[in-house]
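Those protein sequence lines, which keep their order, are chains A and B.
Here this note's numbering is used: the first residue of the first sequence is 1, the next is one more, and so on.
Here this note's numbering is used: the first residue of the second sequence is 212, the next is one more, and so on.
Keep in mind that the hints were calculated from the coordinates and are not lab data.
Just so you know, not all the hints are guaranteed correct.
[What the hints assert, rightly or not] DEER-style ranges, computed between Cβ atoms:
#1 A/Arg-151 x B/Ala-806: 33 to 39 Å
#2 A/Ala-136 x B/Glu-728: 55 to 61 Å
#3 A/Ala-41 x B/Gln-818: 32 to 38 Å
#4 A/Glu-197 x B/Asp-798: 41 to 47 Å
#5 B/Ala-857 x A/Ala-136: 26 to 32 Å
#6 A/Ala-20 x B/Asp-858: 50 to 56 Å
#7 B/Gly-805 x A/Ser-164: 17 to 23 Å
#8 B/Glu-735 x A/Ser-175: 35 to 41 Å
#9 B/Glu-728 x A/Lys-166: 41 to 47 Å
#10 B/Ala-407 x A/Glu-197: 56 to 62 Å
#11 A/Ser-175 x B/Ala-806: 30 to 36 Å
#12 A/Arg-151 x B/Gln-818: 16 to 22 Å
#13 A/Ala-41 x B/Glu-686: 31 to 37 Å
#14 B/Glu-735 x A/Pro-7: 24 to 30 Å
Just so we're clear, the structure is a prediction, and the values are computed from it rather than from any experiment.
We treat Cβ as the ideally placed atom computed from N, Cα and C, and that holds for glycine.
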Amino acid sequence: MVVDDHPIWRDAVARDLLEAGYDVTAVVGEGGQAIRVAPAARPDVVVLDLQLPDLSGVEVVRRLIATDPAIRVLMLSASGEQQDVLDALKAGALGYLVKSAKPAELVDAVARTAAGDPVFTVGLAGLVLGEYRRLAAVPVPPVDTPRLTGRETEVLRLVAKGLSYKQIAERLVVSHRTVQNHVQNTLGKLQLHNRVELTRYAIEQGFDQDT
Amino acid sequence: MISGMSTVTSRLRVRRWSPAVLAGVAGCLFLVVATSPSSPGGRPPFLDTPTFDDRSSAPTDLSGWLFLMGPVVATVLGLCLLRWWPYLLAVAGLVAVPGVMTEWGFAAYSSWQLPWVFLVLPSAGYALAVVALLACAQGLTRTAVGWGAAVAALTLGSRLVGSAMPMPAPWGWELSPHVAASWHTALLAVGLAGLAPAGWLYRRGDPAATGLPARRWWQRVRLVTAGTLASSVPIALTFLTTQRLADLLGVTWYALVRHSIAQTAVIGAITLVIVIVLAALAGLWPLAGAVTAAVVQVAVVAPVILALTALYKDDPLRWLAALAGAALGAAVAGSRWRVPLAATLAVLAAMALFIAYAATTGDPQKLAAQLIVIPSVLVLVVCAAAAGAVAGATAPMLAAGGALPAVLGPLAGALAVGGLQVIQVTSPTDGETLPAFLNPQITSALLLLVAAAGIGGLGFAHLLATRRAERKHAEQIRREAATAERDRLGRSIHDGVLQVLALVQRQGSELGARGSELAALAGEQEVALRGLLAGAASTGDGAAADLCGPLQALAGPAVEVATPAQAVMVPSALAAEVVAAVRAALDNVRKHAGASARAWILLEDEQDGVRVTVRDDGAGFPPERPAEAAEAGRLGIAQSMRGRIADCGGTTTIDSRPGEGTEVEFWVPRQPRARR
């Protein structure tokens, strides 16, 4: 499923994906529409523009994941509003790509997203790294604040410095798979923390009473 | 539409402040009552030139202490409860009632039979009325500056009017006690009635009267402390008995008693020093305002006493002249040109005194001795007006910092007492142990000139301060507008132009060679535009700057930048150095790493510092090469960036292996250490 408010863009992305052999189940231009269509379209991967006219990208990601936790979201954005990208990531998106990426890169990213492998660009690694640093810098961090292990930090920094997984694996003398796992963990912990925070907030506010 | 709105506002404003003005004038009536002595032959207390009697000890009994403490307690209460000024004024009016009852003969010639509390109350009521009136003026300056200044001017003018009401009469002119009593009763009744509207309007307090927002409580504490201490200086001085002072100065007790003027002056000088220090503790504006107001008060005392004495037979003329002077002072203070006009009045008063001095061949007492009417009336009017105008003109400047009640009340009052004690030595008369009150006219004239200069200087300083604040405000508005405009532009560029550029870049490469060219161009422009936006969005307010923006702006087709989502704030000088070092590193990549090399910039916000890594995938170099380059004299960019970072107290690590690219890592502490 492709969600983008720009018709030319939307069609271009859909065409590239079709050419690459993917089955594009829906092409929509609004966030609300995407949420309504998703249960019927049953996409494996949603390619989502973060800047939509009706809903914020973060909100769309949250609701999509809520309707079907198996949905994997790849964010696209013309120029990354850093905080939005980070929030969407914490809400459960699996990766992020700038719109100027080449069609081949897009297809590759969709493939990896479909496989559940986070698409970590350099910018994204920097954001995640910054977020962990921010969480750690809180004077009295709550007990369940996610922390990176030494090795995870190392891997994430190398990703942020533009090294490929292969180069990282060579440098750290580990397998490609291990690097991939480390990267996946850093994101997983952050998303888990985000869910825990949201739940706690909901309980504190008494939202759970209604449902 | 606009004009209609302004009429509505002004009408509302009239409704809001007219009760306060009425209450201000009504409160001044209490001051008139408090400063006009009830017993004939008594000196008007406000104009009394204080002397230092031969006291052997501090007060011994409770009532003596309470008498001293009364004004202090009233001042503290008043300064702490500024917003309840209508009620404070009412209390000040009510405590004068027992005194008036005494005048009516309820306890005639036996006032000692009244409980001593009633003797303490009037002095406390006077202090309370002054502070409450100034609070009223301070509240008024918010909505109607002119009226606020006029009320402040009246607090001084009304005391002069009160002093003119009965007779200072060293020559024994008699005033029937019942005349004074009827006047006082009438004034009190009118005053209390005039308070009623304000009492109703401000039944929940007048928040404007405090003059300061609640979060500046420390400023209020400073002012209350300074005011309290200034009003309690006389208590401290009671411990300085003649004997102790003699010991302190190293002279005999007898010498001090013989030259009591000198003794009084010494005490006055001590008072002046203490109160000036207290005023300075309250702040620069309070200090300047208190000194100016005190100088003008001290200056007019001698000429006013002289004029009142000369006019003691012309009953309505005397207090009408004083009233005219007070009204003129209030009118000048209320006008838009209060500062220049007040200075002019002060200079005019000084001129009048010089002329009087010359016309009496150096003995202005002749005016009083020969009961010369018209010059005395002129001197009285112009001096009273100058005093009121100068004090009133300081009001708007002091009210801005909430300092009006503390400064024109206790601080200026204590300073004036000290000044009056000192001023007497400027014209001692031969062989007399008692000072001649009427002689220091030349000193008064000079002091009036000083007051004129003081108010002029204050006005100028205030003008500069206001201009500066306005400029700052305008600058802030401009900056906010610019930010908003930039955000708006940025949003539309995000939504439109960048999307299309990205699209051209993406689709173009599929259209053959010319399409690829187009795509490359679009790509460059997209990156440039994004960098421009990121650079423009970086906010900094001089002291601190965000590192994310300028680093994001370095992104290009071959450069990727990774930063945290939050702003990384560092001192702006430090930010400039870091960005310059990163630029140098990128230059290095361009020169040495090879044409196809790409670079990555990573910004990390650590607890005590900032780490920036610049990595490239170029040719790299063997570890010994920088040393070779240095030896060959090609210190190069590497050295210059190392120097920059070291100057900020940071470190640079360069790591490279042939074929694996180069990694330059800068670490700088958030707070740069002092350079040796």
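So, going through the hints one by one against the coordinates:
1. A/Arg-151 x B/Ala-806: 33 to 39 Å: For A/Arg-151 and B/Ala-806 the Cβ distance comes to about 35 Å; the hint holds.
2. A/Ala-136 x B/Glu-728: 55 to 61 Å: The hint (55 to 61 Å, Cβ to Cβ) is violated, given that A/Ala-136 and B/Glu-728 are roughly 47 Å apart.
3. A/Ala-41 x B/Gln-818: 32 to 38 Å: violated, 46 Å
4. A/Glu-197 x B/Asp-798: 41 to 47 Å: holds, 44 Å
5. B/Ala-857 x A/Ala-136: 26 to 32 Å: holds, 28 Å
6. A/Ala-20 x B/Asp-858: 50 to 56 Å: At roughly 53 Å between Cβ atoms, B/Asp-858 and A/Ala-20 fall inside 50 to 56 Å, so the hint holds.
7. B/Gly-805 x A/Ser-164: 17 to 23 Å: Since B/Gly-805 and A/Ser-164 have Cβ atoms about 18 Å apart, the given range 17 to 23 Å holds.
8. B/Glu-735 x A/Ser-175: 35 to 41 Å: Given range 35 to 41 Å: holds, Cβ gap about 39 Å.
9. B/Glu-728 x A/Lys-166: 41 to 47 Å: Hint violated: Cβ distance 32 Å, outside 41 to 47 Å.
10. B/Ala-407 x A/Glu-197: 56 to 62 Å: Holds - the Cβ-Cβ distance for B/Ala-407 and A/Glu-197, about 59 Å, lies within 56 to 62 Å.
11. A/Ser-175 x B/Ala-806: 30 to 36 Å: holds, 34 Å
12. A/Arg-151 x B/Gln-818: 16 to 22 Å: holds, 20 Å
13. A/Ala-41 x B/Glu-686: 31 to 37 Å: 54 Å Cβ-Cβ, so the 31 to 37 Å window is violated.
14. B/Glu-735 x A/Pro-7: 24 to 30 Å: Distance hint for B/Glu-735, A/Pro-7 holds at roughly 25 Å.
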